[in-house]
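S.K.: Chain residues, written in single-letter form:
2 protein chains.
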Amino acid sequence: MSKPDALTELGEMLGDRFSRSKSDLDLHGRNETYFPFLPPEAVVYPETTEEVAKIVRICAAHGVPLTGWGRGTSLEGHALALKGGISVDFSRMNRVLKVHPEDMDVVVQPGLTREELNRELRATGLFFPVDPGANASLGGMASTRASGTTAVRYGTMRENVLGLEVVLADGRVIRTGTRARKSAAGYDLTGLFVGSEGTLGLITELTLKLHGQPEAISAAVCAFDEIGPAVDTVIQTIQLGIPMARIEFVDAATAAAFNSYAGAEMPEKPHLMIEFHGSASAVAEQAESFGQIVADNGGDGFSWSSRPEDRTALWTMRHNAYYACLGLRPGATALVTDMCVPISRLAEAVEETRADIARSSIPGPILGHVGDGNFHAILLVEPGNAAELAEAKALAHRMVERALRLGGTVTGEHGIGMGKLGYMEEEHGQAWEVMGQIKRVLDPSALMNPGKMVPGN
Amino acid sequence: MSKPDALTELGEMLGDRFSRSKSDLDLHGRNETYFPFLPPEAVVYPETTEEVAKIVRICAAHGVPLTGWGRGTSLEGHALALKGGISVDFSRMNRVLKVHPEDMDVVVQPGLTREELNRELRATGLFFPVDPGANASLGGMASTRASGTTAVRYGTMRENVLGLEVVLADGRVIRTGTRARKSAAGYDLTGLFVGSEGTLGLITELTLKLHGQPEAISAAVCAFDEIGPAVDTVIQTIQLGIPMARIEFVDAATAAAFNSYAGAEMPEKPHLMIEFHGSASAVAEQAESFGQIVADNGGDGFSWSSRPEDRTALWTMRHNAYYACLGLRPGATALVTDMCVPISRLAEAVEETRADIARSSIPGPILGHVGDGNFHAILLVEPGNAAELAEAKALAHRMVERALRLGGTVTGEHGIGMGKLGYMEEEHGQAWEVMGQIKRVLDPSALMNPGKMVPGN
Ligand SMILES: Cc1cc2nc3c(=O)[nH]c(=O)nc-3n(C[C@H](O)[C@H](O)[C@H](O)COP(=O)(O)OP(=O)(O)OC[C@H]3O[C@@H](n4cnc5c(N)ncnc54)[C@H](O)[C@@H]3O)c2cc1C
Ligand SMILES: Cc1cc2nc3c(=O)[nH]c(=O)nc-3n(C[C@H](O)[C@H](O)[C@H](O)COP(=O)(O)OP(=O)(O)OC[C@H]3O[C@@H](n4cnc5c(N)ncnc54)[C@H](O)[C@@H]3O)c2cc1C
Numbered sequence: 001m002s003k004p005d006a007l008t009e010l011g012e013m014l015g016d017r018f019s020r021s022k023s024d025l026d027l028h029g030r031n032e033t034y035f036p037f038l039p040p041e042a043v044v045y046p047e048t049t050e051e052v053a054k055i056v057r058i059c060a061a062h063g064v065p066l067t068g069w070g071r072g073t074s075l076e077g078h079a080l081a082l083k084g085g086i087s088v089d090f091s092r093m094n095r096v097l098k099v100h101p102e103d104m105d106v107v108v109q110p111g112l113t114r115e116e117l118n119r120e121l122r123a124t125g126l127f128f129p130v131d132p133g134a135n136a137s138l139g140g141m142a143s144t145r146a147s148g149t150t151a152v153r154y155g156t157m158r159e160n161v162l163g164l165e166v167v168l169a170d171g172r173v174i175r176t177g178t179r180a181r182k183s184a185a186g187y188d189l190t191g192l193f194v195g196s197e198g199t200l201g202l203i204t205e206l207t208l209k210l211h212g213q214p215e216a217i218s219a220a221v222c223a224f225d226e227i228g229p230a231v232d233t234v235i236q237t238i239q240l241g242i243p244m245a246r247i248e249f250v251d252a253a254t255a256a257a258f259n260s261y262a263g264a265e266m267p268e269k270p271h272l273m274i275e276f277h278g279s280a281s282a283v284a285e286q287a288e289s290f291g292q293i294v295a296d297n298g299g300d301g302f303s304w305s306s307r308p309e310d311r312t313a314l315w316t317m318r319h320n321a322y323y324a325c326l327g328l329r330p331g332a333t334a335l336v337t338d339m340c341v342p343i344s345r346l347a348e349a350v351e352e353t354r355a356d357i358a359r360s361s362i363p364g365p366i367l368g369h370v371g372d373g374n375f376h377a378i379l380l381v382e383p384g385n386a387a388e389l390a391e392a393k394a395l396a397h398r399m400v401e402r403a404l405r406l407g408g409t410v411t412g413e414h415g416i417g418m419g420k421l422g423y424m425e426e427e428h429g430q431a432w433e434v435m436g437q438i439k440r441v442l443d444p445s446a447l448m449n450p451g452k453m454v455p456g457n
Numbered sequence: 001m002s003k004p005d006a007l008t009e010l011g012e013m014l015g016d017r018f019s020r021s022k023s024d025l026d027l028h029g030r031n032e033t034y035f036p037f038l039p040p041e042a043v044v045y046p047e048t049t050e051e052v053a054k055i056v057r058i059c060a061a062h063g064v065p066l067t068g069w070g071r072g073t074s075l076e077g078h079a080l081a082l083k084g085g086i087s088v089d090f091s092r093m094n095r096v097l098k099v100h101p102e103d104m105d106v107v108v109q110p111g112l113t114r115e116e117l118n119r120e121l122r123a124t125g126l127f128f129p130v131d132p133g134a135n136a137s138l139g140g141m142a143s144t145r146a147s148g149t150t151a152v153r154y155g156t157m158r159e160n161v162l163g164l165e166v167v168l169a170d171g172r173v174i175r176t177g178t179r180a181r182k183s184a185a186g187y188d189l190t191g192l193f194v195g196s197e198g199t200l201g202l203i204t205e206l207t208l209k210l211h212g213q214p215e216a217i218s219a220a221v222c223a224f225d226e227i228g229p230a231v232d233t234v235i236q237t238i239q240l241g242i243p244m245a246r247i248e249f250v251d252a253a254t255a256a257a258f259n260s261y262a263g264a265e266m267p268e269k270p271h272l273m274i275e276f277h278g279s280a281s282a283v284a285e286q287a288e289s290f291g292q293i294v295a296d297n298g299g300d301g302f303s304w305s306s307r308p309e310d311r312t313a314l315w316t317m318r319h320n321a322y323y324a325c326l327g328l329r330p331g332a333t334a335l336v337t338d339m340c341v342p343i344s345r346l347a348e349a350v351e352e353t354r355a356d357i358a359r360s361s362i363p364g365p366i367l368g369h370v371g372d373g374n375f376h377a378i379l380l381v382e383p384g385n386a387a388e389l390a391e392a393k394a395l396a397h398r399m400v401e402r403a404l405r406l407g408g409t410v411t412g413e414h415g416i417g418m419g420k421l422g423y424m425e426e427e428h429g430q431a432w433e434v435m436g437q438i439k440r441v442l443d444p445s446a447l448m449n450p451g452k453m454v455p456g457n
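Here the protein sequences line up with chains A and B, keeping their order.
Taking UniProt numbering, the leading residue of the first sequence gets 1, the next gets one more, and so forth.
Taking UniProt numbering, the leading residue of the second sequence gets 1, the next gets one more, and so forth.
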C-alpha cells in the first residue's frame, strides 16, 4: 500500500485530530534555532496509548516515518520530520495519571509539561526538579535526557525516570521499570529509552521520582573579575561536599543581556548564581561556607535573597537567559552549543571558548550549569547570512573538538538531533555501531524519527 | 573446529594463566548459596583487555561459551558456567589505573574489589560508596547492578558508573561514557551493560564516581516492639527529607543472630541501624530530628556512636549478617531472597513475609536496606534435605509474587542469575522479549554467560 492510503486511514481513525492544515504543518516544521523549515506530511494528536499503538501499526504497514513532538523546544532539530511522514504531537496526552505522595512518585502522560506538573504537585509538598529553561514536555525531556539548573543536586532525567510505557516500531506496547526505587531485574530498558530521542519507540507514559520541597531555600549572586576564580569557586565548593541545589555561571556578556532584558543591575563581569536547599540551619551553614570560598577567590557583590519573590525573579531571569541573549542582537537566530567536561578542565574550556568567540565577528554569551561541567555559548547570527552561520558553525565545531580533547562529551544535555549526528563516531568510536545494531533490531524499517542518532540511519 | 582446539589455543596463549586443575574448576563451579556444583571446562586469568579480546575471539571461532568471574559472591548462581565453556576470572586485572581527585572519579580494572579500592583511596579524602555485604569485585558489582547499605544516599552501581570498556561477543572492544558528569550523546550503553550480568560482553575497565569522605558521621541503633513502627520511622524520615546515609532494618531473629555471632547485646526485637553523613552541625541536627521520629513511633534503646571504632563495629556486624544468620543453624545452606517494593508497601511486605516464614518449618531472619524498600529473608535449609529446599523455594516464590503484587521488583539488587530467570516474563511482560532481541543482536551465537537473563537464551 502507499502513503496516501496510510494518511486516509489515519484521518478516518482520528477525525479532527488528524491534520494537514498549513498552520499545523508550519508549526511542526519549525525549530528553536537555525535548522531549516522541515514540515511533516501530517500531524496526529493521539489521546491514548491504544491510539498511539494503532497509529504506529498503520504507519508500519505503509512504511510511513513517525517523529514524536513534545513541545518542540529541543535545540538540535530533534523533532523535525527529516524523512517526511507524520509528526505525533503529544499535547493532548497531558494528564497527571496518579500521584503517590507517600512513595514520592507520579505517573504522567508524555505531553504534560514540567511547569504543569509542578503546578499540580504544589499542594503535596513535593516537586519534580528537572528544569530545562524551556517549559518542555516530560516525554520530550525523557527523550533528550534533559537536565537543567538543578541536575547538580537532583540529577538529570536519567536519574529521575523510574519507568516508562513505550510503543515500539511494530506496535507492541511495553512497560519498563517498576515503582520500586531500584531493581536489578535485567537490562535497564528505562535507561535505554531515556535519551533515545524517539528513535526506538514513542513514550506514552512516565513514572517519575519526586522530591520534597525543601524546608528552607537560599539563593545568591556574586561577581568575579575573571572566569578562572569563578570556576575555582565551583570546584572548591564541590570538593568540600557543600550540597548545592543549583550553581550557574554567566559571563560578562550574559550579565549585560540580563541588564537590558530583565532590568537587572549586574556589573558586566562573570557571575555565579547559586541556591541551597535544606533545613534552615543547614542552608545558613552552607551559605556561610560558600561565602568564605567566594571571598577566598576574590568574588564580590555577594547578595543573598531568601525572600521567595527575589529568588523567583533570579531564576526567571536565568531561565529566560536564552531570550535575553537573543535580545543582544534583535532579529538574530541562535546556534546554541552544549559542551560538558570533567570539572577540572572547566576553566580552561570556558576560557578557550571565550577567547575563540572574541576572535570571531559573532556575539556569543556563555552560560552554563557549571556544577556538572556543562556550559553553552549562544552564538548570534543574522538570519540568512551564510558567512556568519558558517563562522558560528566553525566556532561550535571547535567547542565540540575541545570537549572531546578535554575528556568530555559533545552534548551535556541538549542531545544529538540533526546538529550533533556528525560527532557520534568521534565520541563513541565502535560503540556507535552498537547503537546502530540496537536501533536496527528494534526498528528494522527505520520509521521512528529516521535520519537521526545512528549510523546509516 | 572443535572445543579441544579452542582450549589448546587458549593454553598456548596464556601458559599457566590457563587452568584445568581440579582446584580451579572446583572453585569456579561453586556458589554462595543453594545452586548445584557446576564447574567450567577451564579457567583463564587474563591480564589485559587485549588478552580478553583474544580469548573472546578464540571462543567465538570455536563456539565456546564464556562466563565472567569476579569474586563469585553473587547469590543467584550468576557466575556458574551453566552451558560449560570457560570461566574468565578477572582477579589478575585488579589495578587502580588512574585517580582523578579533582574530578572525583577513578578508573579501575574489573577484578579490583571495593575494599581494595577504598584502601587505595584513603589518602585522597574520597571514597567509593557502593557496598554489598561481600568484598565483591567492581566488575561483578557493575554486572549485577549491585547496591548495599548506602544506596539510599549515594545510589547503586547504576548511578556510580560513569563509563565502561567492554569486550563484545565478537571481540570488538568498545568504550561507553566519558569522564563528564552527564551526557545526552545517544543511547545509554553504560546503563545497558550495568546489570547485564556478563550476557552482553565482558567489562574490562570501569570509570567510577567517587564521593568526599564526610566531615562528620554519626550512627545509631534503636529497637521497636513491632515491625510496623520501625518501617513507619523510615517512611517519615524520608518524607521529611532528612538525608540518611544508611538505614538498615533487622528483625528479631537477625538481632538474635548478632548476639550469638558478634557478641552484641541487642534485645530480640526489630531494630533500625542508621547513619548520617555531613558537617558536624548538620549531622547533629539530623540525628536530633531522627531521634524525635523514633520516639514518636515508640522506639527505644536509642544509642548513638560517633566514635569511629563503634561505628566500624556496627557496620562490620551488619556486613557479616549473612554469616551471623548462617550461624543460627550450623551447617545450613541459605536461600537468600531479595524483594523491593514502593516504600508505602514495605511494612505490609515485611509483615506478610514474617508471618509466612513463621508458619513454615524453616528459620528465616529478615533484614534489609529499607530506605530503598528492599529487604531479604535468609532461609536456612539443611543441605541435601529436598523437602526443606522445596519449602524454602515456595516461601521465596511467594515473596516474589508479593513483590510484584505490591508494585515492586523480583530483585532489588542481587540480580537474576539462575534463580530469578523464571520471573522475568512476569515482571517485564513483552519488555522481556526486547531484552532477548538486544541479546541476540549483540551475541547471536549465545556465548556470553549463556542460559541466563533472556528468553530462549
Ligand atoms: C530557552 C531554552 C532553554 C533550554 N534549556 C535547556 C536546559 O537547561 N537543559 C536541557 O536539557 N535542555 C534545554 N533546552 C532544550 C529543550 O528544552 C529540551 O531538549 C527538552 O527536553 C525538549 O522537550 P520538548 O517537549 O520540547 O521535546 P521536542 O523538542 O518536542 O522533542 C525532543 C525529541 O524528543 C522526541 N519526543 C518528544 N516526545 C516524545 C515522546 N513522547 N516519545 C518519544 N519521543 C518523543 C522528539 O521526536 C525529539 O526527537 C532548552 C530549550 C530552550 C528553547
Ligand atoms: C554476604 C553477602 C552479602 C551480600 N550483600 C549484598 C548487598 O548488600 N547488595 C548487593 O547488591 N549484593 C550483595 N551480595 C551479592 C554480591 O556481592 C553481588 O552480587 C556482587 O555484585 C557480586 O560481585 P562478584 O565480584 O562476586 O561477581 P561474581 O559473583 O563473580 O559475578 C556476578 C555476575 O557478573 C558477571 N561478571 C563478573 N565479572 C564480570 C566482568 N568483568 N564482565 C562481565 N561480567 C562479569 C558474572 O559472570 C556473573 O554473571 C552479597 C553477597 C554475599 C555473599
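Source of the hints: derived by calculation from the structure; they are not laboratory data.
Where is the CB? At the ideal position from N, CA and C, for every residue including glycine.
You may find that some hints are simply not true.
[As the list claims (entries may be wrong)] Heads up, simulated SDA-like pairs for lysine to any residue below, C-alpha to C-alpha not over 25 Å straight-line:
| # | chain 1 | residue 1 | chain 2 | residue 2 |
| --- | --- | --- | --- | --- |
| 1 | A | 98 | B | 426 |
| 2 | B | 209 | A | 25 |
| 3 | A | 98 | B | 402 |
| 4 | A | 22 | A | 98 |
| 5 | B | 54 | B | 100 |
| 6 | B | 209 | A | 429 |
| 7 | A | 83 | A | 153 |
[Unchecked claim] One side of the interface only, derived from the structure: several residues of chain B facing chain A at Cβ under 8 Å:
| # | residue |
| --- | --- |
| 8 | 38 |
| 9 | 186 |
| 10 | 239 |
| 11 | 244 |
| 12 | 405 |
| 13 | 409 |
| 14 | 418 |
| 15 | 434 |
S.K.: Against each hint, give a clear statement of whether it holds in the structure.
M.R.: Going through the hints against the structure:
| no. | hint | result |
| --- | --- | --- |
| 1 | A/98 <-> B/426 | holds, 23 Å |
| 2 | B/209 <-> A/25 | violated, 45 Å |
| 3 | A/98 <-> B/402 | holds, 22 Å |
| 4 | A/22 <-> A/98 | violated, 36 Å |
| 5 | B/54 <-> B/100 | violated, 30 Å |
| 6 | B/209 <-> A/429 | holds, 23 Å |
| 7 | A/83 <-> A/153 | violated, 39 Å |
| 8 | 38 | violated, 21 Å |
| 9 | 186 | holds, 6 Å |
| 10 | 239 | holds, 7 Å |
| 11 | 244 | violated, 13 Å |
| 12 | 405 | violated, 12 Å |
| 13 | 409 | holds, 4 Å |
| 14 | 418 | violated, 14 Å |
| 15 | 434 | holds, 6 Å |
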